[in-house]
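J.: Residue numbers (UniProt numbering): 1 to 252.
Honestly, the hints are just simulated from the structure, not real lab data.
Among the hints, a few may not be true.
[Claimed, not checked] Here are the simulated BS3-like cross-link-like pairs (lysine-lysine), alpha carbons at most 27 Å apart as the crow flies:
| # | residue 1 | residue 2 |
| --- | --- | --- |
| 1 | Lys137 | Lys170 |
| 2 | Lys185 | Lys170 |
| 3 | Lys170 | Lys134 |
From a predicted model like this one, the values you see are computed outputs, not experimental measurements.
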Amino acid sequence: MKLNFKKSGSGQPLVILHGLFGSADNWFSIARELEKNYTLYLIDQRNHGDSPHADEWNYRVMVKDLLELFDDEGLSEVFLMGHSMGGKTAMNFALAHPDRVEKLIVADIAPRYYSVHHQTILEGLNSIPLAEIKSRKEADEHLSKYIDEAGIRQFLLKSLGRDENGFVWKINLPVITKNIEEVGKALPQDGKYKGPTLFLAGANSNYIQQSDLPDILDHFPNYEIEFISDAGHWLHAEKPEAVIQQVRKFLK
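Construct the complete structure from the given sequences, taking the supplied hints into account.
T.: Next comes the structure, spelled out in structure tokens:
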């Protein structure tokens with residue numbers, strides 16, 4: 001699959017993968033700083049953003065998509081970074097193609113299995129009657145019945161686009177809803193990436209816990225971890241300066 005991506009800057013290539021329900025746009029503010037030192041590739045993963053939709057959606061095919069992009073762009077070795085679902089894609093890619101990853105950065109996700117915890121979000125998104133609503137405000141009103149936090153609703157509604165017939169989802173909502181279990185799947189037990197790896201964890205997030213460290217060490221023996229203070233799971237949105245600082249320090 002030919003993924004949509006945005007390229008900017010100059011220097012060694014740094015590829016960034018967004019999380020579930022996100023897109024390349026989530027990383028624009030951070031990219032504006034990092035592109036001063038690196039060639040940034042902000043990727044829309046399949047079924048997200050402006051990349052194609054497909055019925056098959058799992059980490060195996062997302063790794064294959066990424067490899068195709070690397071080959072098309074002539075990227076023999078990159079710095080690879082991913083957040084949440086994108087972090088799982090990045091980890092799986094590093095295990096499958098370690099020779100293509102010079103350094104790996106994983107933002108607020110561990111290699112383990114995560115149980116499904118997006119049911120309320122999916123119910124809310126599926127409740128919006130796209131054929132009937134006339135404005136984003138109406139969509140937000142529908143979503144507010146399921147999600148109290150305005151910031152989360154604003155993030156989710158970034159995936160609401162328009163065509164000549166009205167509102168449409170840029171995410172492949174039916175396939176994501178059907179296959180949501182795929183997002184939480186653990187890495188292969190025998191997989192190992194020996195290159196330098198940085199885990200960035202939100203200090204207020206529960207996605208990476210002390211109990212995850214042995215599993216992280218098993219898969220990524222050359223790892224280090226930094227906790228971003230006063231940040232939750234969306235650490236790059238909550239504390240972008242701290243994330244930029246840690247990324248620059250690690251990639252040097």
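J.: Please flag the earlier hints that this structure goes against, numbers listed from lowest up.
T.: none
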